[in-house]
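Novice: Chains as they are written, first to last, in UniProt numbering: chain A, 1 to 331; chain B, 1 to 331; chain C, 1 to 331; chain D, 1 to 331.
FYI, nobody ran anything at the bench for these hints, they're computed from the structure. Please note: incorrect hints may appear among the correct ones.
[As the list claims (entries may be wrong)] Simulated pairs of lysine-lysine, BS3-like, Cα-Cα distance not exceeding 27 Å:
| no. | chain 1 | residue 1 | chain 2 | residue 2 |
| --- | --- | --- | --- | --- |
| 1 | D | 180 | D | 307 |
| 2 | B | 292 | B | 232 |
| 3 | B | 19 | C | 15 |
| 4 | B | 43 | A | 43 |
Protein chains: 4
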Amino acid sequence: MSMVCLSDFEAYAKKYLPKIAWDYFAAGADDCTTRDENILAYKRIHFRPRMLRDVSMMDIRTKILGSEISFPVGIAPTGFHQLAWPDGEKSTARAARAMDICYIASTYSTCSLEEISMAAPGGLRWFQLYIHRNRAASQQLVRRAEALGFQALVLTVDLPYTGKRRDDVRNGFRLPPHMKVKNLEGAFEVCKMSLLDPSVTWNDVYWLQSLTRLPIIIKGILTGEDAALAVKHGVQGIIVSNHGGRQLDEGPATIDALVEVVEAVRGRVEVYVDGGIRKGSDVLKALALGAKCVFIGRPALWGLAYKGEEGLQDVLRILQDEFRLSMALAG
Amino acid sequence: MSMVCLSDFEAYAKKYLPKIAWDYFAAGADDCTTRDENILAYKRIHFRPRMLRDVSMMDIRTKILGSEISFPVGIAPTGFHQLAWPDGEKSTARAARAMDICYIASTYSTCSLEEISMAAPGGLRWFQLYIHRNRAASQQLVRRAEALGFQALVLTVDLPYTGKRRDDVRNGFRLPPHMKVKNLEGAFEVCKMSLLDPSVTWNDVYWLQSLTRLPIIIKGILTGEDAALAVKHGVQGIIVSNHGGRQLDEGPATIDALVEVVEAVRGRVEVYVDGGIRKGSDVLKALALGAKCVFIGRPALWGLAYKGEEGLQDVLRILQDEFRLSMALAG
Amino acid sequence: MSMVCLSDFEAYAKKYLPKIAWDYFAAGADDCTTRDENILAYKRIHFRPRMLRDVSMMDIRTKILGSEISFPVGIAPTGFHQLAWPDGEKSTARAARAMDICYIASTYSTCSLEEISMAAPGGLRWFQLYIHRNRAASQQLVRRAEALGFQALVLTVDLPYTGKRRDDVRNGFRLPPHMKVKNLEGAFEVCKMSLLDPSVTWNDVYWLQSLTRLPIIIKGILTGEDAALAVKHGVQGIIVSNHGGRQLDEGPATIDALVEVVEAVRGRVEVYVDGGIRKGSDVLKALALGAKCVFIGRPALWGLAYKGEEGLQDVLRILQDEFRLSMALAG
Amino acid sequence: MSMVCLSDFEAYAKKYLPKIAWDYFAAGADDCTTRDENILAYKRIHFRPRMLRDVSMMDIRTKILGSEISFPVGIAPTGFHQLAWPDGEKSTARAARAMDICYIASTYSTCSLEEISMAAPGGLRWFQLYIHRNRAASQQLVRRAEALGFQALVLTVDLPYTGKRRDDVRNGFRLPPHMKVKNLEGAFEVCKMSLLDPSVTWNDVYWLQSLTRLPIIIKGILTGEDAALAVKHGVQGIIVSNHGGRQLDEGPATIDALVEVVEAVRGRVEVYVDGGIRKGSDVLKALALGAKCVFIGRPALWGLAYKGEEGLQDVLRILQDEFRLSMALAG
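Assemble the whole structure, with the sequences as input and the hints as a guide.
Specialist: In structure tokens form, the structure reads like this:
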């Protein structure tokens, strides 16, 4: 099996992962319309390629929140990487560092923040968190992330309750007994999303700011109105995201939402996007529409499922090569 | 078989109902374009989800014509429930009462109004009727509904003649001998739609008003012009409906027609809609576009086919949970 | 097999006709895009149904060029009816007379004009013709049609050369030896379209007028510009037609072209349309868009293939019932 | 197997060519969206057919850069014709001369320019070239083309790097050992696209002009902006092309890009188009939108694969017949 493009990794993962794990990663809310729209929307955007420009040297390095990365792609926060590969998030961290990109570690990791940090010291990492009913738990996570050198906090705001993913309900999805949501051990019981606080509002962003000196990025914004509110509340970045189509079905594709968010933000904070990136040319489209960087979710998991950190590096390298080639061909 | 969403009940009903009953419930007119458009039109409507709003408490109770219901979904009038479940409309009535919602009993029920009332005393019920050639028959039905505590009359206006449902013609559909249209027994022969009066006009609404003190709701309106006429003729409510796509094919989807009806009515009477509701988010869309409540037709029959009143309650509970979740996720 | 709608007859014909005959009747030019668009375009047109109008009495009789017909559907000119049924055009003529509608007999009939006339004396018939290189032949056909009581001439103008119908080329389509294009016997050899004159222009309409006192109808107009020219040249009617999608592929669907033709004609002559009529509601749509009558081509052949004149009457009766029902349901 | 239209040749080639050769010819970049859009875009363009015009005589001869050709179709430059037929480009040259049209020989031919010239002396030929890192090599090719009587140079500008064609990567595509890129033998090693210079800019057009007295045509333009630049830099013609969808995926279809190029050029140089031509009516559409001539790529290879020069002539003759018929039927 030769791995030529990201969908080759998808096919591999679908074939070799346990069904319950594949279903969990693949799941979208309800009819999966938004999950699929994330991809289809990219196809509706066309290039106007320009010719005879000198494309012999192309610098694809960029900076996000001041940190340099090798190209404008990072790893979006997704949970439970041990479902894809035994070493779980430790492999993810190593691959991200090897490729010199940013990895956003999820609260719902199967390795602890400490393990992730130890696995790849010096890598650029952000930490994704929710606001829990038990605020002390959130506060403790912030402290740990700061102490371990995570360079930003990514607050996910689209999950007051978990979306309805039919296959997960059918499968009775839960983590196998030998895996744990290690970040939350002790603090509260595992895998109960109801521990998240659905009463959270914009004021809680101020509370989070009061806890930390780290920059705060809001993940899950889909409208210009909310983007303006995010800027007003002093965040440092916005990730346009619909949680991979796993929360509210039949909202906008992220690449479509990006346009109105970028317009509302008017350059005051950095804007990123996740969801639907499957080719290097998708990255180029997102950047052309105003994103500073994109983040990949499922493709990273497929890479892990293929060969752990090596597989994830394969995925990233393909994306990097495709991105560079697209830039050259688009002039 | 785990019942996770309404289409699971559809699949069950298709598998276990006698073909002739399934075909009758599923039938649409001609090419079934409008039946299918009812569903597709919902998919073309997208949310603009807002974040960081306090969604810890959500009140989904509402009122229709002054009566409180547990959430804005009711049972649309459909005929012949015994084709789906032995207890027929008695089970429907019990499930509706248990869920604290409104059930619109059809003239073409296989249980009589009296049986329906006895089965679930105290439930909120409306009675659906046609105007018959034999006006005395219509009058007698109105009297009985009034006497039994039905709280509104729903006049169906889109059936001067029965639509052409090809499968019913092919199957030679008729009720099995042990089932009867009990409401019409004695008054006239069963299952002859030609007993309905195709010469009915808006003036007959005045006639109906002269017979009763109950509020009158017009079911089957699809244009702003007709909605304005309905208001002008003093009705208390409008159900935007195309009879589940069973009458004129290639008219508008009901959710599309709702928009112009709401605009024409300008809040003067309550507007409801049926047709194509398959998920809680469809309910939310209909409400966002101005409906006060939606009514489900075929999904109620699938619930009955699954497990009688329990099955119908399952359907309603799923819809209620999905509706609540959609509200939370849409902010 | 129960025959409920026109596509049932299509399925029958496809199953029981010899492949070469089916292919000939079904053929469209090139990729058959226009043939299929004729049907799809009807589906894109939606009704706005109105309610509570007295539809107890509906008069569907109408007049074309002053002759009354039982409903606004006629038989379009198609060739070689013996390929569908042994009695060929004689059966067609009998069915049309029995249904009290207009039959446009094709030059390329397998029965002669005389046989057609004898088969159904007194029926309303028009004669379709081309202008041949050998003008005397055209003149002779006009004389015969006049003498036999045909009430109009239908001049087909979209066939300077025969369209490329791939299956006919593959099949090496030609009439079986026992069938003849009887109208042209003696005058010229059969089945050579090259006998038609590709140099024909609008001036030849004047020539045709000089030969006859019969009204002249132009068949094959697809633009407002040509419709205006037709009126200017003094024709009595226009059939909007793309020859069933058998000539130039990727032109407009006839129901779409009808709109601009009707606009250009401004009521000065009658406008008809053929192509894509498969349901009674299609007839209603065409009339709503300004056609005085529609003509069916392939569905008539399917009816013949099913049971000769009886089968064709079945097709017409279904269309009539559906048309009446659509009118009632649309208000 | 009867060869009635170009897709018959496609089916033949797919069936009988070695998979690796078929894949190479069929390949599109990435998801092949643009390759397929080239064809689909033609289908979205509709004719407005006019009737009753004298179409008995039609002159389809035309001139490109002053040379007369029998109809406005030529052979686009494609590589490696020996993969399709043993005699390779020699057969192509013979077929083009026999049909009296223009053949653009590719730098990546498996026959040398000299062999091509010898095979069909006197034929109208242009030579396609790239600008190589080793400019002397480019210069030598220009000299040879001039000396052999090629009448124009076609500079391909959309290949600073080779597009990502997944199947070629999977197949490890390379020429079989007995085939050579003869034009480049000696000058540099074969099949290394990296020998092309990605730093080429519009200034290099001036350099090319300084080498030759031949007219220069730019191939690969897709925007009005670049078309204006091409005119400004003194070229004699533009081929609107996306390299058959083999370079940047998800750019415009060529027939769509043609419109803006023609508008920008305002008649100052000749504009041609390739990509997606599959029927004579496609040629007519391209001409109606302003192209002076179209060029076919893959269909020529299918013709070669079928029967060498005879097969290619079959393809061209079908296209010629279809083009003439379309003109007649469109009026």
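Novice: Now tell me, hint by hint, if it's right for this structure.
Specialist: How the hints compare with the structure:
no., hint, in the structure
1, D:180 to D:307, "holds, 22 Å"
2, B:292 to B:232, "holds, 20 Å"
3, B:19 to C:15, "holds, 26 Å"
4, B:43 to A:43, "holds, 19 Å"
Taken one by one, the earlier hints all hold for this structure without exception.
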